[in-house]
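Engineer: As a plain string of letters, each chain reads:
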Amino acid sequence: MIETKGILLAGVGGQGVLRASDILCRVFMAAGLDVKKSEVHGMAQRGGCVTSHVRYGEKVHSPLAKKNDIDVLISFEQMDTLRYLDYVKQSGTVIINTEKIYPPAVNLGEAPYPANVEETVRRFFTKVVPVDAAALALRAGNIRAVNTVLLGALSSCLNLSLGLWEKVLQESFPTKLIGANRKAFRLGRGV
Amino acid sequence: MKELMSGNEAIARGAFECGVRFAAGYPGTPSTEIMEAFAKYPEVYAEWSPNEKVAMEVGIGAALAGARAMVVMKHVGVNVAADPLFTASYTGTNGALVIITADDPSLHSSQNEQDNRHYARFAKIPMLEPADSQEVKAFIKLAFDLSERFDTPVFLRSTTRVSHSKSVVNLEKPLDVEDRTAIRFNTEKFVMVPLYARIRRVIIEKRMQDLRAFAETFPENRIEINSPDVGIITSGMSYHYAKDVFPEYSYLKLGMVYPLPAGLIREFAARVRKIYIIEELDTFLEEQIRALGIEVTGKEIFPYTGEFDPGVIERAITGHKVAARTLPEISIPPRPPNLCPGCPHRGLFYVLGKLKVFVTGDIGCSTLSYMKPLEGLHSCICMGASIGMAHGMSKALGKKGKGKIVGVIGDSTFLHSGITPLLDMAYNRSDAVIVISDNRTTAMTGMQEHPATGFTLQGEKTLSVDLAALARTLGIESVRIVDPYDLKAVRTVIKEELARSGPSVVISRRACVLFKREYCAPQKPFRVDPEKCTGCRLCLGLGCPPIAWEKLENEPGGGTKETKGMGRREGVAVIDRNLCTGCGLCAQLCKSGAITEEKE
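The listed protein sequences correspond, in order, to chains A and B.
Residues 7 to 197, numbered by the numbering used here, are exactly what the first sequence covers, in order.
Residues 2 to 601, numbered by the numbering used here, are exactly what the second sequence covers, in order.
Among these hints, one or two may not hold up.
Cβ-to-Cβ under 7 Å is the rule here; a few derived chain A residues that face chain B [stated by the list, open to error]:
hint, residue
1, Tyr90
2, Thr126
3, Arg128
4, Val135
Here are the simulated BS3-like pairs of lysine-lysine, each with C-alpha atoms no more than 30 Å apart in a straight line [claimed, not checked]:
hint, chain 1, residue 1, chain 2, residue 2
5, B, Lys322, A, Lys11
6, B, Lys552, A, Lys106
7, A, Lys106, B, Lys525
8, B, Lys41, A, Lys182
9, B, Lys517, A, Lys189
10, A, Lys95, B, Lys322
11, B, Lys3, A, Lys182
12, A, Lys182, B, Lys525
13, A, Lys65, B, Lys3
I should point out that these hints are in silico values taken from the structure, not numbers from a laboratory.
A virtual CB, placed ideally from N, CA and C, is assigned to each residue, including glycine.
So that you can see chain A by itself, here it is in the shape it has in the complex (with noise of 0.2 Å):
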């Protein structure tokens, strides 16, 4: 019996958290896994946290992953990787967007954006990978491709065939947005 792992998504409104995650369980199902994941829709939308819990394995139970079960944590926005490393095991890796996205208190000059937060993680986790999401998407020819982006960051550290991921990335966009989207993965998958 294959362990259930989970990977958890997390990030702002309108960063494209779902759309990974979709794009996620989708590969996972390609490789003939079973897979569930969750969402929460509707406030978070305007500009609120956004999170989406993946697991897979042989027979998944529960979409949500309970504390200090996560293996992988992508975090979209720099400061929000904070808010959410109590789910991520140990031994868990976390995935860093560097990227800021201001909240409220911190664009009234109320409350300072956090400082050193990949230092911080990495006192307490040793798998850390920071990756500058939107430079490589711009690279890729599209800026809103950082979830792709951080989708190929997530690729190398898991088993699972580069093939795999091509083909399901082919399905999930249309035909114009392709080549950016393999660039932008490949590119994530490099760092």
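Chain B: place on chain A using the hints.
Structural biologist: Chain B alone, transformed into the frame defined by chain A:
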């Protein structure tokens, strides 16, 4: 064929597969995508009704005509639809009627956390509760079969985690649909005057007895015997949470949560030593099972509030806390949902916040205006409440409230349940001002059509009700229309209306910034000239996401900067050009002319 589907998509798919061709609903998280997905199947009729009560009546009518009809709403929608629902339980269905209630434990996107299982018992209607997308698809078919077999409306209850989680579903070939619709007269069954309702009342109790007997053999009430030490009685998503952490225990998984199979529960209780009842929210199962004289452990260890996850269940049963982990103790600023950059609600609520009036708010994106720095909304109860409450406050306050009470409601919400309270205001001569913040769509749930958008759910062109004419017809003499991107105009019009006596309506009209069909192409973004900015923070009062405060720490003078004619300033405003939509509200506020449209 296998497909990854959300619970909501699976409800639509299951309904389509079992021959349902008729559905009505009103959008509301977490239920919205059910109707959107169903509407896309071939040869179906699907409509957004103006509200859930209407949707329920449309469904009852379709079922009376012999159709298999589905009615879809979120948990609080059932409150709106309760009146027809309770009596449709008496009449039965003729065809079939299944009501989807999508509950929201943890209030991810709702104003309360009500447990709609109580409606099943209250209205004497059976309720099924699936646990994941594959089960959803199977259960919707069972629900329609039950409705036909027992001549009763049937509830299918989902929760946010069932509706909005995705899992693998096996698609099946849709059944061939046999048209069973016809006009059939049956006065004794469908005219619920006391004479006939008393007769139906007795039939309903007989039906409940039959359903209880059926529940004993219903295959989705399933016993899984593993260890005899511990037995868990549960339903819905909680089953999966529990299986995740306690695969070794025995289970009674209830696919039907009302009525309960007393015999099966007793049988299960006899086969295990200790029983836990795992249910989110209220003690619905627990109370009924205790009433059978069975000793169980339930809410004395499990929380009443909030949704569960595997961790909640594990901690409750083992009594262990989460393994102590040293994690960074950094305060992380919260990230609440906010009005979008360019949101047309912003200008309106900025003005209302400054006018120091009491604003009764309503349901929708506009509710977010309660937050700092706008603070332009001071109550929120339910759809339509803004108008009735503004009227009630105004009447109770009398002279003290004159010119101080404003109700704000969205366009979709107004059509949902704002028309009758506005009629009340006209009829009983209120002094409050009602603002319809008309963003031309049902924005919060993701741009659904309504009777003033000009299109139906299935994309057909239709009438677009004229909100101003409607208000006048109801008896509101003063109806004004303003553009919320023009702060001065909004302020002037609202102040004038507050000064008048008698009820008035202001329509604050501009399409939602995310509504592609009507929103105009983006304007050029605005920028702040750092030399001209005095650091007065006035623009920050809009709470617009692209506008940030930047401290001038590195300036000469130790944290402040001298600029000619403006004294010392601690910082300046900056605008993120990638987020700015060019609405220009901030430029209207800036007294030093520092904010201007970017040139090419």
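Engineer: Now, for every hint given, state plainly whether the structure supports it.
Structural biologist: We went through each hint and held it up to the structure:
no.	hint	verdict
1	Tyr90	10 Å, violated
2	Thr126	5 Å, holds
3	Arg128	11 Å, violated
4	Val135	18 Å, violated
5	B:Lys322 - A:Lys11	22 Å, holds
6	B:Lys552 - A:Lys106	17 Å, holds
7	A:Lys106 - B:Lys525	23 Å, holds
8	B:Lys41 - A:Lys182	25 Å, holds
9	B:Lys517 - A:Lys189	29 Å, holds
10	A:Lys95 - B:Lys322	16 Å, holds
11	B:Lys3 - A:Lys182	27 Å, holds
12	A:Lys182 - B:Lys525	26 Å, holds
13	A:Lys65 - B:Lys3	15 Å, holds
The structure fails hints 1, 3 and 4 (numbered hints given earlier, in ascending order).
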